[in-house]
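Number of protein chains: 2
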Amino acid sequence: MSVFPVILSQEKFIHRDSLKFPLEERALQFGDGIYEVIRIYNGTYYLFDEHIDRLFRSTEAIKIKLSHSKEEIKNLLLELLERNNMAENGKVYMQISRGSAPRDHVFPTNVEPNIYAYVQAVPRNLVTLKNGVGVITHRDIRWENCYIKSLNLLPNVMAKQEAKEQGCYEAILHKDGVVTECSSSNVYLVKDGKIYTHPTTRNILHGCVRMAIERFVTDLNIPLIEEPFMLDDIANADELFLSSSTSEITPIITVDGSPVKDGMPGEITRKLQAAYEKDANIIENLIANA
Amino acid sequence: MSVFPVILSQEKFIHRDSLKFPLEERALQFGDGIYEVIRIYNGTYYLFDEHIDRLFRSTEAIKIKLSHSKEEIKNLLLELLERNNMAENGKVYMQISRGSAPRDHVFPTNVEPNIYAYVQAVPRNLVTLKNGVGVITHRDIRWENCYIKSLNLLPNVMAKQEAKEQGCYEAILHKDGVVTECSSSNVYLVKDGKIYTHPTTRNILHGCVRMAIERFVTDLNIPLIEEPFMLDDIANADELFLSSSTSEITPIITVDGSPVKDGMPGEITRKLQAAYEKDANIIENLIANA
Chain A
122 MSVFPVILSQ EKFIHRDSLK FPLEERALQF GDGIYEVIRI YNGTYYLFDE HIDRLFRSTE
182 AIKIKLSHSK EEIKNLLLEL LERNNMAENG KVYMQISRGS APRDHVFPTN VEPNIYAYVQ
242 AVPRNLVTLK NGVGVITHRD IRWENCYIKS LNLLPNVMAK QEAKEQGCYE AILHKDGVVT
302 ECSSSNVYLV KDGKIYTHPT TRNILHGCVR MAIERFVTDL NIPLIEEPFM LDDIANADEL
362 FLSSSTSEIT PIITVDGSPV KDGMPGEITR KLQAAYEKDA NIIENLIANA
Chain B
122 MSVFPVILSQ EKFIHRDSLK FPLEERALQF GDGIYEVIRI YNGTYYLFDE HIDRLFRSTE
182 AIKIKLSHSK EEIKNLLLEL LERNNMAENG KVYMQISRGS APRDHVFPTN VEPNIYAYVQ
242 AVPRNLVTLK NGVGVITHRD IRWENCYIKS LNLLPNVMAK QEAKEQGCYE AILHKDGVVT
302 ECSSSNVYLV KDGKIYTHPT TRNILHGCVR MAIERFVTDL NIPLIEEPFM LDDIANADEL
362 FLSSSTSEIT PIITVDGSPV KDGMPGEITR KLQAAYEKDA NIIENLIANA
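Line order of the protein sequences matches chains A and B.
Heads up: the first sequence begins at 122 in our numbering, then just goes up one per residue.
Heads up: the second sequence begins at 122 in our numbering, then just goes up one per residue.
Keep in mind the hints are simulated off the structure, nothing from the lab.
Since the model is a prediction, treat every value here as computed from it, not as a measurement.
Heads up, some of the hints might be wrong.
You can't tell identical chains apart in this list, so a pair holds if it fits in one copy or across any two.
[Unchecked claim] Under the rule of at most 20 angstroms between Cα atoms (straight-line distance), these lysine to any residue pairs were calculated in the SDA-like manner:
no., residue 1, residue 2
1, K141, T258
2, K251, E388
3, K315, I346
4, K285, A182
5, K315, S188
6, K296, N266
7, K195, S379
8, K399, R204
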């Protein structure tokens, strides 16, 4: 657990127990902010530039004006790693809100964004990476701008909880049968050697691990088709998998209790997992050596 | 400004400057909570039961388990008024989140909800109540469960800001031309002596002032038709108005720069404003005496 969260708006590092949020913080009252979760392997940020670029796309989309450059944010996050002696596997959570001001929907003026980040040790989930996970399906009732990694996560929370209560790992979200993504990950279907996934419209998050997968498939010569698939397509899928910074590339082996194909992680999923471990310079690369 | 916010989960009153939110508060990271704003006239809560009932409907909808009864919450809010010597016009903001726990979409277990509230003096906005306001129209891109008064308010914030930047007071939201509500108020159209407004489906908030209006129209013998109207209907409307706890019943006199009818507050709107002042026991009832 992080000893020193960084409060970037105050340009200083303080102990997490000393962090104090004001009563009228716009993240607290409106969810008026954005965030990133970046994976750390052996003390190094993975897909660092992808996350920082998306962080800035998100702040721009909701018109938060940052006074820090990308380089400055990166340097502070690197200093955060050092101050916490983070040399293992983990992740950083970073949040930027519009700031603190008397409650009013309208943007406050002359207010600096509130920025904070903290790191924590998180081991890779080798059991789910190896064995795969079960998921449920759930209607996608979220707002239209899910490409923004915003703090408005209540529908995601409710869907993930529903999955948990049904003994599952994730919820595949769909709009009238069209699969968009999962509650906190992207989702992919494999059929006849091709990978299908929803195009990066406003309705889904363009995942950083998805960006990495877009590179991997070129090297592996696997077609990645950015077309949405339907719930009905799952019954005839060869493989299904999901991706996120926390879940990496995780096989999906059951959907609403029914097995995907033979209920075992598929060949293309395994190839992508191996490519991921290589790309992330993961030392204990259990998938690649499996 | 409130001297003593109340932290109900800790059953105590503390000074607002001493309030400390933990790093991993679910309102802060997920918007995982709900809120109410209750109007205070001359030191008395208006539509108190309506707000408390809705507060409990909202917590139930997102499965937050409160250990307080409605009576207990009401008594604490009444004590809050006393401790702040609030005898004037104002409002209370009350927020309930699922609690504080290491960040995970799934509900934490064995965690108490975080509850806080604070009062502040807010004069009635007599200028807008008398003269009316201009509004813009804006696509309703929010999630499907807007009947829950949740902390996921980013789309509302963005729409209200857009209105502000265009010199307007509010944004009328619509789905494919069907008017739902405004960014932080309900909206009504008057035509041939009848009031039209969106039915209280999952897509809009059932406003407490709307509940009061539902009572007023019975006494006034004005038909209130709970059918959605279209953006296209506005050009031929006799009157347009909005309602919320902060805005009371406010005439809308322009929409996207075009006047509603003759650009003056209408007769039925005025009757409802007078009924409001009577119902709320407002002493300086400027509308009723206008």
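Each hint tested on the structure:
In this assembly of identical chains, K141 and T258 lie within 20 angstroms of each other by CA distance neither inside one copy nor across copies; the values are 39 angstroms within and 38 angstroms between. Taking CA atoms no more than 20 angstroms apart as the test, K251 paired with E388 passes inside one copy only; the shortest distance there is 12 angstroms, against 70 angstroms between copies. For a Cα distance limit of 20 angstroms, the shortest separation of K315 from I346 inside one copy, 7 angstroms, qualifies, whereas the shortest one across copies, 53 angstroms, does not. Proximity of K285 and A182 under a CA criterion of 20 angstroms is satisfied inter-copy only: 18 angstroms between copies versus 32 angstroms inside one chain copy.
For the identical chains of this complex, K315 and S188 are neighbours neither inside a copy (43 angstroms) nor across copies (52 angstroms), given an alpha-carbon limit of 20 angstroms. Taking the closest pair of Cα atoms, K296 and N266 come within 20 angstroms of each other both inside a single copy (14 angstroms) and across two copies (15 angstroms). For a Cα distance limit of 20 angstroms, the shortest separation of K195 from S379 qualifies neither inside one copy, at 44 angstroms, nor across copies, at 48 angstroms. In this assembly of identical chains, K399 and R204 lie within 20 angstroms of each other by CA distance neither inside one copy nor across copies; the values are 28 angstroms within and 62 angstroms between.
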